[in-house]
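Protein chains in written order, with my numbering: chain A, 1 to 171; chain B, 1001 to 1784.
Calculated directly from the structure, the hints in this document are not laboratory data. Backbone N, C-alpha and C fix where the C-beta goes; we use that ideal spot for every residue, glycine too. Mixed in with the good hints, there may be bad ones.
As the list claims (entries may be wrong) - The following label-pair restraints were derived from C-beta to C-beta distances:
1. 1139(B) / 164(A): 33 to 39 Å
2. 74(A) / 1610(B): 48 to 54 Å
3. 70(A) / 1262(B): 49 to 55 Å
4. 70(A) / 1131(B): 55 to 61 Å
5. 1084(B) / 66(A): 24 to 30 Å
6. 1139(B) / 74(A): 29 to 35 Å
7. 1303(B) / 74(A): 30 to 36 Å
8. 165(A) / 1526(B): 38 to 44 Å
In case you want the letters, here they are:
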Amino acid sequence: MHRSIRLVAVILAAAVLSACAAPQATRVPDDETARPAPLPDPDPRPALAREPAPDAAPSGGTGAVAELMAEADRQLVSGDADGAAASLERALRINARDARLWQRLAVVRLEQGHPVQAEAMAARSNGLIRGDRAMMARNWRIIAEARRMAGNEAGARDADARANALSGERG
Amino acid sequence: MARRKPAKKTTSRRKGKTRRRAARGPRRLWRAAFGALLIGILGLGGYVAYLDYEIHTQFEGKRWSLPARVFARPLELYPGRGLDREQFVRELELLHYRRGDAIRGGEFREQGGRIFLSTRGFPFADGPEPPRRLIVEIRGGQVAGLTDIETGQPATLARLEPALIANIYPAHGEDRVLVRLDEVPDTLVDALITVEDRRFHEHRGVDFTAIARAALANLRAGRTVQGGSTLTQQLVKNYFLTQDRTLRRKINEAIMALLLERRYSKPEILEAYLNEVYLGQDGQRSIHGFGLASQFYFQRRLDELGTDQLALLVAMVRGPSYYDPRRRPERALTRRNLVLDLMEAQEGLSADAARRARARPLGVSARPPSGVTPFPAFLDLVRQQLRRDYRERDLQTEGLLIFTTLDPGIQMAAESAVAGRLAWIERARGLDVGSLQAGAVVSAVDSGEVLAVVGDRNPRHAGFNRAVNARRPVGSLLKPAVYLAALSRPAEYTLATMLDDGPLTVRLEDGSDWSPRNYDREHHGQVPALEALVHSYNISTARLGLSVGLNRVIDQIHRLGVARDLRPYPSLLLGAVELSPLEMTHMYQSLAAGGFETPPRAIREVMNQEGALLQRYGLNLRQAADPAAVYLVTAALHEVTRRGTGAALRGLLPEGLPVAGKTGTTGDNRDAWFAGYAGDYLSVIWVGRDDNAPMGLSGSSGALPVWAELMGGISRRGLEPVRPDGVEWLLIDPANGLRAVEGCEGALWMPFIDGSAPGGMSPCADGVPAAVRRSFRWFRGLFE
């Protein structure tokens, strides 16, 4: 009994689904008019609303990005901020969705004395991070530093607080 | 020449004075003669010193004015890079790689799915890329493997040389590609000396034996058949003097040759000669030096030429026009073989090698590589950006190396999409052939680098640039900025905010009335903001913009990157403002990059001719909007392409390539726009007529097909914006903007910024029993 109710519910749901989502797809084709089959309606949920699989295949160039990132780190340590920026931008052309690259570029911009740029890059990095709170905290510390450099002490304290909150919750 | 005249006049005047004094007596005569001699010697000495100075300054200083060279972006190779075989081979051909054994630089061969190639290397601004031998394995539309042949190890990253796409010349002028002596093949140098100046290494600038021999030969023949000029004299002649054959010029030439040899070493003189010698003409551009001649005749670098080709270049020194291998192939062949004979006779070439070389055809490319850029519209943009930092004269003479962002593959795809689709639309719509025009810009979503610019449906035509310089009303293309201004205030507006699409009349400051109409001339009642944007309703959008405030909307448009002054008229909300496709690219770039504004850049670096970095045009970001609000706008623009005014894309784009975009159509269908982006590229298309007449096309029927053809061909990554923290997707009933449940008919998914979602439940939810809702989820789970 219980089972049959459930079955009916499923069938009902299927009917509702087809009415709601893909009315044309379920329509029986009319042979006489012989129109081309209508395109099936898209998934009712837009592609954006569907969460990408967490372990989605990373875009290509992982090795290349790692190599350029290491190069940028070497350049930054040796005081060649411009060279580091060039290496990081080259890496970003390979994979612009790598939050680490934006974060490093933010550091380079700080080094070059461009606090506004640094803050924007760190914010861009934060926008690409899913879940890595430590990395987000690092971005907020960069933002704090950038705001301090730009003379915005209140904004810097606010950024520091966000960084602390992120690190604290992690611990 | 003009500067030399005063010196000569002074000398002759003094001679005149001494002559008058000479008549007064023998002692005075002697004294005067001595004085005259002294003055003569001093005068001559002064003149020689002057010539020496001229040689010195010219030779030591900047010797040649060189046009700026403009390069495309270099192709980066790494495992995982999206690339197909045809695209790769096209790129290699653009760089004039030839099929061969891939051992020498500039050669490649295909074997199975693998391409063996030997790169030439390039001194990039961020460090030199060495010449490398690589195996590139291409599978499934990407680089599946990259192997360094020398080490046998996998390589992580390599890049090809950038293709030269343009030179910035003065209106008339010399062109050359400088070569260093150590880059020039010995065969060429040996052949040149053998043919032109056998005693080059022995003489001191002037070869008297050669002159005597030539004079004798000429006397015998009764006309000039042989020249006795050394390479040094030839250099002087080309370098400092005019071409006239006067005795004075001959004497100057000899003096300067002697001076040159006294001051400079043989290798220095030889190197100058190799770069100076005149070797051809291309319209108003004269081809100088063996470096450029090699490219001009063979489309190869000098060190890639064979013996026969080098011999031909040496053969042409005597008369580039008379022995022009393209126009006078027989003459050129005869003379080339004579050069080869001489090389053989001087034992610079074995009999066997000489025989093989003589048997070869001339091998020149059928047409000279054009000195005119194939991408004039892109170059326009480059020059516009260069003009901010460099003087035009410096661009024409300083030999600057300009590294641009042009992607030749994407540029060609854009050109063919524009040309092909416009012709197709004209045919399908019965429009006059050639009546439509277009402008197109393609850029990289994340960096703002401009990858392609099409300014005319005939892309080689260097005329009016519709992508960069044409300003046209943008219509609905501007609407996303209105919605962004609204959605940035989530406490007041969401995508579910119900807007009134009923008749609207606004009293303007001048007393007149403004009554916007919808494209379909209908009214749509109460509609959620999402639907108003998806279907590009004018009236509800105008209402939204007015309620947000015109100044707030203008501020938002400016922050997105449109720099132009905008007047706060209500019609601005519907795009009654004239902007170029490039300006629209800037605005959409900020949306595509998640709210970070990046100016469109066409240049990466500028180097001087010595290869030192002068300027880097780095990536600059400015936060232009709240990323969460931009995410909402992108979601809405994605819906536009699924079921709104851009729904026609569904049949035109590859399956599984989500994109976001917006159509724009202006009054009487004079302008058709489409702007949109995927995960990797952004493109803006304008289609219209130059005479601004109505063409009967909307953004959807006129510009969208071009955009689809282009993006379908180049995009490899669909839209996939990272959902900002706090944004949640909910089902909304479009009838009332309230929360719906799965099972509610017509319910739409919409994203909301944290805390802004409507609280109320739509009555539609009441009609769906809880059990059905649960089962529905279970049922859907089967397919997910």
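Quick rundown of the hints versus the structure:
no.: 1; hint: 1139(B) / 164(A): 33 to 39 Å; in the structure: 48 Å, violated
no.: 2; hint: 74(A) / 1610(B): 48 to 54 Å; in the structure: 25 Å, violated
no.: 3; hint: 70(A) / 1262(B): 49 to 55 Å; in the structure: 54 Å, holds
no.: 4; hint: 70(A) / 1131(B): 55 to 61 Å; in the structure: 23 Å, violated
no.: 5; hint: 1084(B) / 66(A): 24 to 30 Å; in the structure: 25 Å, holds
no.: 6; hint: 1139(B) / 74(A): 29 to 35 Å; in the structure: 33 Å, holds
no.: 7; hint: 1303(B) / 74(A): 30 to 36 Å; in the structure: 32 Å, holds
no.: 8; hint: 165(A) / 1526(B): 38 to 44 Å; in the structure: 42 Å, holds
When each numbered hint is compared with the structure, violations occur for hints 1, 2 and 4.
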